[in-house]
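> Given next are the chains, with one letter for each unit.
Number of protein chains: 2
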Amino acid sequence: MGAGDDCAVLEYGRTGYYQLFKTDCLVQGVHYFPDTEPELVGRKALARAISDIAAMGGWPTQAVVTLVLSPNYQLGYAKSIYTGLSGLAREFGVSVVGGETARPATSTGRTAMISVSLLGLVEKGRCVMRSGGREGDHIYVTGSLGGSLKGKHLQFLPRVWEARWLSEHYKPSAMMDLSDGVAKDLPRLAKQSCLGYQMVYQRIPRSPGCELRQALNDGEDYELMFTVAPERAEAMKGEWLKTFPTLPLTNIGWLCPKDQSMGSELDQGGWDHFQVSVSS
Amino acid sequence: MGAGDDCAVLEYGRTGYYQLFKTDCLVQGVHYFPDTEPELVGRKALARAISDIAAMGGWPTQAVVTLVLSPNYQLGYAKSIYTGLSGLAREFGVSVVGGETARPATSTGRTAMISVSLLGLVEKGRCVMRSGGREGDHIYVTGSLGGSLKGKHLQFLPRVWEARWLSEHYKPSAMMDLSDGVAKDLPRLAKQSCLGYQMVYQRIPRSPGCELRQALNDGEDYELMFTVAPERAEAMKGEWLKTFPTLPLTNIGWLCPKDQSMGSELDQGGWDHFQVSVSS
Chain A
1 MGAGDDCAVL
11 EYGRTGYYQL
21 FKTDCLVQGV
31 HYFPDTEPEL
41 VGRKALARAI
51 SDIAAMGGWP
61 TQAVVTLVLS
71 PNYQLGYAKS
81 IYTGLSGLAR
91 EFGVSVVGGE
101 TARPATSTGR
111 TAMISVSLLG
121 LVEKGRCVMR
131 SGGREGDHIY
141 VTGSLGGSLK
151 GKHLQFLPRV
161 WEARWLSEHY
171 KPSAMMDLSD
181 GVAKDLPRLA
191 KQSCLGYQMV
201 YQRIPRSPGC
211 ELRQALNDGE
221 DYELMFTVAP
231 ERAEAMKGEW
241 LKTFPTLPLT
251 NIGWLCPKDQ
261 SMGSELDQGG
271 WDHFQVSVSS
Chain B
1001 MGAGDDCAVL
1011 EYGRTGYYQL
1021 FKTDCLVQGV
1031 HYFPDTEPEL
1041 VGRKALARAI
1051 SDIAAMGGWP
1061 TQAVVTLVLS
1071 PNYQLGYAKS
1081 IYTGLSGLAR
1091 EFGVSVVGGE
1101 TARPATSTGR
1111 TAMISVSLLG
1121 LVEKGRCVMR
1131 SGGREGDHIY
1141 VTGSLGGSLK
1151 GKHLQFLPRV
1161 WEARWLSEHY
1171 KPSAMMDLSD
1181 GVAKDLPRLA
1191 KQSCLGYQMV
1201 YQRIPRSPGC
1211 ELRQALNDGE
1221 DYELMFTVAP
1231 ERAEAMKGEW
1241 LKTFPTLPLT
1251 NIGWLCPKDQ
1261 SMGSELDQGG
1271 WDHFQVSVSS
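Protein chains in written order, with my numbering: chain A, 1 to 280; chain B, 1001 to 1280.
Simulated from the structure, these hints should not be mistaken for lab results.
Idealized CB from N, CA, C, for every residue including glycine.
Accuracy of the hints is not assured; some may be wrong.
Partial list, computed: chain A residues near chain B (C-beta under 8 Å) [what the hints assert, rightly or not]:
| hint | residue |
| --- | --- |
| 1 | Thr15 |
| 2 | Cys25 |
| 3 | Val27 |
| 4 | Gln28 |
| 5 | Trp59 |
| 6 | Gln62 |
| 7 | Val68 |
| 8 | Ser70 |
| 9 | Pro71 |
| 10 | Glu100 |
| 11 | Arg103 |
| 12 | Ala105 |
| 13 | Met113 |
| 14 | Ser115 |
Construct the entire structure; sequences and hints are all you get.
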């Protein structure tokens, strides 16, 4: 299976596993600020890809890294990017097995780009796609949403352990990581599952100081969003609280038939309309 | 095994195969000219990575692609890059399973960068490293060298079939693809094999119109260089001629103990000295 999910899912010989394959790219000035510490840039580049592997229920294995830096960067800057990346790689058991450094053609300006391609593995029975959601499934998100640009986007821990626990004990019907904000990402999950969704806006877990609008739209949360059959949701929630007592888990709505979806105004960025309807 | 060879070599479950993993990056103005047809840019980006998979004796399987383009490129340009890449992918049975398009932060200038990460497979018994060369092994190169920038660097066919044939019938002791020119690449192969080399400059197969200096240094040949035990070299050469009658195969020297290497002046770019010694 190729595009449309968090990772490509590949046969892995005649084993009980699928291999996961993901590429992700950070561009300076787009995904991070020019003055961001290079260790955090390298860390984020890998963390984003790990988050996508986690979102399939898998664990990361090997990475290759390409760094494109204009020549007016010091060697120390490049080294620091690798230091940050390697630190997180060690934490998650990822082997960095190759890569290269290139420079852009223009020597003016400061161009920086880091591209990570990451492999992972998942037991065939524990691979969770975006497309497996069923009507009536409860929708959950981990953590709190919004305001990530204040710092979390550079510091987040990919939810590998949480997703592994879920795929072992309460396998979600569908799962993805929240990278573009729940207002964009939930419609994607629902669409892949050929369903609509009902989102209970009052329940959206907001990061401190964030309004609902930010929690829905800021993006870069890198939390898990997943769906579970209603009859298993209660038990799952109870066990989650015991296992991850410091990480909130919130039921934000449920999957429904396409024609009953109440989220269409979000897809079109119709925020003025939404501001009215949310309280109704 | 990670860095130091053409690809990373990974265990592939409990199968008889290794998985090969390679990332490669093309930057406009560095690896191709701004006016190069985008189809050929996309083609080259994948062809280079396939050439590295071939150099291990393997075949390519799946790729992910990242394209970074400044916004002043037309959509058609990006599409054409993918068209060229996809055409070659089909030719070599490669599935393009993911990727993304990003834009650089600065909207001025025309930045273009394409990064390809490629997986491959090789039977464990047929995986050829750079490091397996033995003293006395004959060194061969396919095709002719030099002048690639006149066009070949955009049009070359990665030597997958030739390398597969070799690894099946006359498994080389060491192999790599020639990307930086034999003057740089042969010392690398010899070093990985903990040996020196004797290169017979008069034998270097030169592309039409190329001087020896160009054949040694131009780079971007994407031909195979490999080593074979002398007692098997004769038979291999004979069968090669029957199997690939249109692709020259040339013995350019042999591996020797480190302290007898005659190539040291090449490593240091000592070309004036070389110009004298080559005819002696």
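> Next, verify each hint and record whether it holds.
Hint-by-hint comparison with the structure:
1. Thr15: Holds, about 4 Å.
2. Cys25: 5 Å, holds
3. Val27: 5 Å, holds
4. Gln28: 6 Å, holds
5. Trp59: Since the shortest Cβ distance to chain B is 15 Å, the answer is violated.
6. Gln62: Check passed: Cβ of Gln62/A comes within 6 Å of chain B, closer than 8 Å.
7. Val68: Interface hint status for Val68/A: holds (6 Å vs cutoff 8 Å).
8. Ser70: 10 Å, violated
9. Pro71: Nearest chain B Cβ about 11 Å off; hint violated.
10. Glu100: Since chain B brings a Cβ to about 6 Å from Glu100/A, closer than 8 Å, the hint holds.
11. Arg103: 7 Å, holds
12. Ala105: Given a least distance of 2 Å, the restraint on Ala105/A holds.
13. Met113: 6 Å, holds
14. Ser115: 5 Å, holds
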